[in-house]
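> Sequence:
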Amino acid sequence: MSTPMGWWFAGFYDGFMERAEREVLGGWRKALLADVEGEVLDLGAGTGANVPFWSPKVDHVVAAEPDPAMARRLRDRVRGDARIEVVPAAAEALPFADAAFDVVVSTLVLCTVRDLERSIAEIRRVLRPEGKLVFVEHVASEQRPLRRFAQRALEPLWTPIAGGCHLTRRTHVALERAGFRFESLTRESMRGALPIVRETVRGVARLR
Numbered sequence: 000m001s002t003p004m005g006w007w008f009a010g011f012y013d014g015f016m017e018r019a020e021r022e023v024l025g026g027w028r029k030a031l032l033a034d035v036e037g038e039v040l041d042l043g044a045g046t047g048a049n050v051p052f053w054s055p056k057v058d059h060v061v062a063a064e065p066d067p068a069m070a071r072r073l074r075d076r077v078r079g080d081a082r083i084e085v086v087p088a089a090a091e092a093l094p095f096a097d098a099a100f101d102v103v104v105s106t107l108v109l110c111t112v113r114d115l116e117r118s119i120a121e122i123r124r125v126l127r128p129e130g131k132l133v134f135v136e137h138v139a140s141e142q143r144p145l146r147r148f149a150q151r152a153l154e155p156l157w158t159p160i161a162g163g164c165h166l167t168r169r170t171h172v173a174l175e176r177a178g179f180r181f182e183s184l185t186r187e188s189m190r191g192a193l194p195i196v197r198e199t200v201r202g203v204a205r206l207r
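Start counting the sequence shown at 0; every next residue gets the next number (numbering that gives the first Met the number 0).
FYI, nobody ran anything at the bench for these hints, they're computed from the structure.
Watch out, some of these pointers could steer you wrong.
[Said to hold, decoys possible] Here are the simulated distance ranges between beta carbons:
no., residue 1, residue 2, range
1, R18, I160, 14 to 22 Å
2, F148, A98, 36 to 44 Å
3, R180, P159, 30 to 38 Å
4, G163, Q142, 20 to 28 Å
5, R82, R127, 17 to 25 Å
6, G79, P144, 44 to 52 Å
7, L206, R113, 18 to 26 Å
8, E84, R127, 13 to 21 Å
9, R151, D75, 33 to 41 Å
10, F148, V172, 18 to 26 Å
11, P144, S183, 41 to 49 Å
12, R117, F148, 26 to 34 Å
13, A33, R180, 16 to 24 Å
14, L156, G79, 21 to 29 Å
Note that the coordinates shown come from a computational prediction; the quantities given were computed from them, not determined experimentally.
The beta-carbon is built from N, C-alpha and C at its ideal position, and this holds for glycine as well.
Whenever a hint applies, use it, and build me the whole structure from the sequences.
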């Protein structure tokens, strides 16, 4: 059951991200998803920002979204698209068989999960041995000490009002520690976003 804050955040999210989507994020999604094919898990699918970018090579997308308010908007967005199945599922406990997916897609999701290590373990479990993780995640600042200080200071206030989003995670480091190897990894500022969520990593990772 979604909380009142959850319903508020779901209604607020698309407008909050509109400028970043227009300036850079939409282009990143398009480029990263162009080569995605087969059976796909869209982890934390939210309101469906990835929907316009699914390639014709994709056979089936399981859009996993644990928040009812987000999932309601997502279902409205994908209505009529037989390839996309919306499933209520959290990253820490995915209700899917081992090696079920060719690709797992995570776009601005791993900042919000309650247990990052458990979520990454679940991604590993449901990926096929030759599968890949495609990701865009905002991370802790490494080059700007003042921004890093602001992230640490604001995180206790930010997380409860921003869908559980954490500002200080080093998701790429956690992925590598969990046994992923990066096929590509780009660190870049997400123009159009608030400075505290502007630093991102994106790329493709495979199981070692």
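> Out of the numbered hints, which ones does the structure contradict?
Hints 11, 14 are the ones this structure does not satisfy, whereas the remaining hints hold.
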